[in-house]
Structure formats: structure tokens, C-alpha cells
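Novice: Residue-level listing of the chains:
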Amino acid sequence: MGFDNNEPEQRRRLHAALSGAGITTGTLWLQYFSIGGSVGEYEVEAYLQGMLSLPELERDLLAMAANELSNSGPGPHAPYSDEFPLDAPGETDSPDDGPASP
Amino acid sequence: MTKKQLPLDELSGAIGRILGLLLTEEKVDQAVQNLSQAIKESVPGTIGAGVSILDSQARRTSTGSTDSIVEQADHLQYELGQGPCLTAWASEETVLLDDVRTDPRWPEWSAAVTALPIRSVVSAPLMANGHSIGAIKIYASEPSVFDAAAVSLMELYASPAATLLAHIQSAETPKRISEGLQTALHSRDLVNRACGILMERHKITHERALQQLILQARNKSQSLQEVSAELVAGIPADRN
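Those protein sequence lines, which keep their order, are chains Z and C.
The opening position of the first sequence corresponds to residue 1 in our numbering, with each subsequent residue numbered one higher.
The opening position of the second sequence corresponds to residue 103 in our numbering, with each subsequent residue numbered one higher.
Don't take each hint at face value.
[To be verified] Computed footprint of chain Z on chain C; a stretch qualifies when at least three of its residues, placed anywhere within it, have a C-beta under 8 Å from a C-beta of chain Z:
no., region
1, 291-305
2, 309-319
3, 322-328
No wet-lab data here; the hints were simulated from the structure.
Just so you know, even glycine gets a beta-carbon here, dropped at the ideal spot from N, CA and C.
With the sequences and hints as input, model every part of the structure.
Specialist: Below, the structure is given as C-alpha cells:
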């Protein structure tokens, strides 16, 4: 099954943002649902565990939900899909971490 | 991913589950309290009665008892991790204890309750839908107070009580969560209305509209809800 190029990295950093701010999946899902997210809690859980691919919009809504919940917290920020280099054909495990996050 | 319209029931259940509110203590606690009193009054020789609802890790989620002696004896069981009620709950069978001082099954608990006026005990499991959700118990201050008739009576009580308690738990959930649900739905509705305005204004899809809202919120360092509210407020109600 296919993941978008940047999906694993986006997911990993969402994970980091969640644990940094101590946000549970349930809380994340409720916020995500509140701002128009359309997949269920189980799918979100599966996405976080790397077992399910989600469309870009849903991934960005999850990032937005996480960032709104951790608002003003010191932890890492959850990146949006346009913060990754466009169309990098490179592999998911390229270790360079840090580009493009203001 | 297709859009799913979740029915309200399912939604309530999902939110209740994630917030860990399936067990709502307030009213269940009232129910177990009343039940304890009723059991005490209906089994001859009983000086105290109690009801405990346990989760799968044997932690008490709700308890009711007729007096502090029952409470203490109960508390000791959960502290020591042994005792007739825990056995009844775990084995799903009724336990009859003739004399605390001679029964060898729960040595630590028996030793711990010697100071309390407790000699005879009956404890029956609360079985709902094939699962043990807790136990009811009665105590007496003399040995051999309870017999097979008392055991039958307790079992007779346990069955409807378990069904009732399981029902209260699930029936209370939607009420407890309704506030969080309303907030979530209101916010979601607001975002969707803002999307509708953008869709109409720019002839774009719902998805595209939501992406634009996300971008605006990020650029303005506002929440998606705030951006949506501003957009919606900017449209006079009488101008479609």
C-alpha cells in the first residue's frame, strides 16, 4: 500500500508533537472532528501507528488540531504537508530533518 | 476517503468511550447504595451489605455499603488483593464463608479483619451479558449465619441487579457527554458553513475550501474556528 512521500515523516512529527504536549488520541480526534475532519477515531489511531494512509487534507487537519491543542506549548510543532519539499522523490527514511518549519 | 455521516448515537458512543466516561460514577453510586440497603434488609442475620463494581483490572469504579464496617472490610480486600468478593468476581461463582477465623482461603484478609465484627460472609458475582462486572456481599457478626438459602437469595438478587447496573452505566453516558458533543458539533458546523461560503464565492470544492481555511488560519495565527467565525459573521444573514 502506498504512503505519500512525506507521509511517514509528517506522521512521525505529529506523533512527537502529541507526546510533547501530552495529547491523547481521543482528545486529538475530538478536536480534529470539531474542525471538520471526516475520518473516525479508529482510522486516526491506525494512521498514528503507521498502519493506514490518510489523504493530505485529513493529515493537515490533524496537524492543525494538534497545534491548536498544544497552543503556546513549548513542544515541537506538527508540520503541514506544504512544509515538506515538493515532490521529493527521495525515500521516506532520508534522515535530514529540519527543513522548512518556521 | 469517503465522507461519513455518523449517526448521533454512534457519535455519542465514540466520544463517551474516548473520554473514558462509560462509567459515570454519580448515579451508579446512588444505585449501588440503594441496592446495598435493600440486600441488607432482605437477608436475615445480615449486619451489613455492600456492592462493588470493578473494572477489568479489579479496580473499584463504584461502591456502595450500608456502614463503615463493610467499607473497611471491603477496602482491605482491594488493598491486599484477596478476599471473598474478589474471588466471587474473578471466579464468577458465589462464595459462602462460614467462619472467617477458620476458613483458610484468604489468610491475609482474614487476619486483617479480626478486629471487625465479621464472621460470616456471602458474596455473589454481578454478571451482565456474560461478564462479571462486580460483586455483592453480606456480612454477619456470628459464624455460620448464612446457609444455602442465603446463597440462593443473593444469587436471585445479583442477576437483575447486574443487568440494571449495566444499563444505568450505558444510559447515563450520552447525558454526561452531551456538553462536549454540542461544543464539537457547533464548531464543526461553523467550519462547514465557512467552507460553504468559500465554495460559493470561489466555485471550489469542499476540500479546497477547507484547505484555504487552514491556510488562512496558519497565516493569521488564528484557530480554524476563529477564521471560520469571522468569515461567517462577514456574511449578512439576509443575503443568501
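Novice: Decide, hint by hint, whether the structure agrees.
Specialist: Comparing the hints with the structure gives:
1. Coverage of the region 291-305 of chain C by chain Z holds in this model, with 3 residues showing a Cβ closer than 8 Å to a Cβ of that chain against a need of three.
2. Counting residues of the region 309-319 of chain C whose CB lies closer than 8 Å to any CB of chain Z gives 5, so the stated coverage by that chain holds, three being the minimum.
3. Beta-carbon proximity to chain Z at under 8 Å applies to 3 residues in the region 322-328 of chain C; the threshold of 3 is reached and the given coverage holds.
In summary, this structure violates none of the numbered hints.
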